[in-house]
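Position chain H with the ligand relative to chain Z; hints supplied.
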Amino acid sequence: MNYKNSFSVKAFFDYLREKRLMGVKCLNCKNLMIPPRLICTACKKANLEWFEFEGAGALETFTILHVAPTSLKDKAPYILGIVKLNEGPLITGRIIGVTSDKPKRIRIGMSVKADFIQESDSTILAFKPNN
Amino acid sequence: MLMNKVALIGAGMTRFHHSLHKDKSSRELFVEAFLECLDSVDKSISHKDIDALFISATASEFFEHQSHIACLLSDWTGLNPIPATRIEAACASSSAALEIGVFAIASGMYDIVLVGGVEKMTTLEVDEMTYALMSGLDHPYECILGVSNPGLYAMMANAYFEKYDSSWEELTSISIKNHHNASMNPKAHFQSEIMDIAKKISQKKGLKFDNEMDFLKSPTNPYIAHPLRLFDCSPVSDGASAILLASSKKAKKFTDTPVYVTGLGHTSGTMSLHDRRDLTSIPASVEAGNRAYKMAKIESKDIDFAMVHDCFTPAEIIATEDLGFFPRGEGGKAAIEGRTRINGEKSINTDGGLKAKGHPIAATGTAMSYEVWKQLRGEADKRQVNNAEIGLIHNVGASGGTAIVQIFRR
Ligand SMILES: [Zn+2]
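Chains Z and H, in that order, give the protein sequences. This note's numbering numbers the first residue of the first sequence as 10 and each following residue consecutively. This note's numbering numbers the first residue of the second sequence as 19 and each following residue consecutively.
In case anyone wonders, no lab produced these hints; they're calculated from the structure. No experiment lies behind these values; they were computed from the predicted model shown. Among these hints, one or two may not hold up.
Stated by the list, open to error - Below, in silico cross-link-like pairs of lysine-lysine (DSS-like), each with a Cα-Cα straight-line distance of 30 Å or less:
hint, chain 1, residue 1, chain 2, residue 2
1, Z, 113, H, 235
2, H, 61, H, 268
3, Z, 113, H, 181
4, H, 223, H, 235
5, H, 181, Z, 111
6, H, 181, Z, 93
7, Z, 113, H, 351
8, Z, 93, Z, 39
9, Z, 82, H, 42
10, H, 66, H, 42
11, Z, 137, H, 181
12, H, 235, H, 222
13, H, 351, Z, 93
14, Z, 82, H, 235
15, H, 312, Z, 53
16, H, 223, Z, 82
17, Z, 111, H, 226
18, Z, 84, H, 270
19, Z, 122, Z, 19
20, Z, 82, H, 40
21, H, 40, H, 223
22, H, 40, Z, 122
23, Z, 82, Z, 19
24, H, 226, H, 351
25, Z, 82, H, 222
26, H, 223, Z, 111
27, H, 223, Z, 84
28, Z, 111, H, 351
29, H, 351, H, 23
30, Z, 82, Z, 93
31, H, 312, Z, 113
32, H, 235, Z, 111
Chain Z with its partners taken away, still in its complex shape (with noise of 0.2 Å):
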């Protein structure tokens, strides 16, 4: 699929639909990066190629939303984190199979794997606690 060959947004939500956690590794310094970007944060070489993330990782930090944007309104409160993943890069996703209503219950450190939702026409990052 040609779309792929672009390190876009676009191509980003097209894999994560297929269930897939796709970043880019840098060519010239190894550099993990995710979401996919054209140039390395680290050597600021254009020279990249897809790179899939297991999608195993801890929980870095997170927060509980109650006042939620008006598309969202109907989900509040809904929990949010970032995570960071077991390659080494961090990135945000919602945080389910966890109940808002008891904030003790989600730890920082904690274990996580990506899953991914359905919401609305998009296909939305989610981790859940692995056991």
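The following block gives chain H with the ligand in isolation, referenced to the frame of chain Z:
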């Protein structure tokens, strides 16, 4: 380095408020700030003295379906045909406008420049306003997930609590102090102590609060983005602010007590919060501070008072560490110990901060320099910092994609 020294010769702002300006739009708000700014010039100034306008509005397309706002405000202030340009950097917009104004004068192109910002926010409901301000975040990688501005600072707060073994209770020292400072500021949105607000609410609802903490921990102070509650967040306010800049040569013609711009630091950070290795600091702030200190040839210890970007309470704690006022992990403790109150070791947010003075997004940067102007001229009344010589402003765009630090001197 600046080719020429630049001074503030006038400053004006509206009161920041959620209902007072109900019937005003951006143009009336900015004209009000502009007229006060003209009046503040000691030896009087006229329209024909002003060479250019750099103005900010962050999200007027959402709030008022109005772009091309630089032209609009040049027209309504009666300043056309001078060049008018809009500068946008999320919540740091108008300090960016001030910086560009300084460059325009320092280059020798202009002698006198008007800068400022305006935001008419109350046209939208809370959920729509939340969405409008999310346009300052990374749309596909943060916004779509439902991450809001309070959500980002809430995630920074939780990371901070984890790293430094601190807790939400530490944050309340910021809101209590900033409400106290705002109670002495006639321009502030909230001009009352938190306990006065608690008393008002308790009378209305038949509740009883023993002290501030009792109130702040109650359901009357609901969660916005856990762990942040309503009183951890800056309010939604309408408002405008304006500053007149002049070359130091021309400044003397208009005032005997100009305020000089001596340090400028402006950096961009990663757009997304998740692209930072440490979520308990804003690297762009650290770098902007270092650049401003270097240009002003001073160190953080030389700063007498500072307006820092406390859009949410954890942001003030992180800012006072990023700017080198306190060691890492000790910003909250310093606030609890009263070291950041007016005439404490470092007077922080003497005007009440974004938290209590209000945060009409694009008006915030130049409203910070408005307070610095008042302080350095000894006109801050009950908020006056003794022997104020050097003041600093720190203005952050969204979660730290932009950071601006500016240093001013008598
Ligand atoms: Zn590289």
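These are the hints, each one checked on the structure:
no. : hint          : in the structure
1   : Z:113 x H:235 : holds (17 Å)
2   : H:61 x H:268  : holds (12 Å)
3   : Z:113 x H:181 : holds (17 Å)
4   : H:223 x H:235 : holds (16 Å)
5   : H:181 x Z:111 : holds (21 Å)
6   : H:181 x Z:93  : holds (15 Å)
7   : Z:113 x H:351 : holds (24 Å)
8   : Z:93 x Z:39   : holds (18 Å)
9   : Z:82 x H:42   : holds (29 Å)
10  : H:66 x H:42   : holds (27 Å)
11  : Z:137 x H:181 : holds (23 Å)
12  : H:235 x H:222 : holds (18 Å)
13  : H:351 x Z:93  : holds (29 Å)
14  : Z:82 x H:235  : holds (24 Å)
15  : H:312 x Z:53  : holds (27 Å)
16  : H:223 x Z:82  : holds (27 Å)
17  : Z:111 x H:226 : holds (27 Å)
18  : Z:84 x H:270  : violated (59 Å)
19  : Z:122 x Z:19  : holds (23 Å)
20  : Z:82 x H:40   : holds (25 Å)
21  : H:40 x H:223  : holds (26 Å)
22  : H:40 x Z:122  : violated (48 Å)
23  : Z:82 x Z:19   : holds (26 Å)
24  : H:226 x H:351 : holds (28 Å)
25  : Z:82 x H:222  : holds (28 Å)
26  : H:223 x Z:111 : holds (28 Å)
27  : H:223 x Z:84  : holds (29 Å)
28  : Z:111 x H:351 : holds (28 Å)
29  : H:351 x H:23  : violated (38 Å)
30  : Z:82 x Z:93   : holds (28 Å)
31  : H:312 x Z:113 : violated (44 Å)
32  : H:235 x Z:111 : holds (17 Å)
In summary, the numbered hints that this structure violates are 18, 22, 29, 31.
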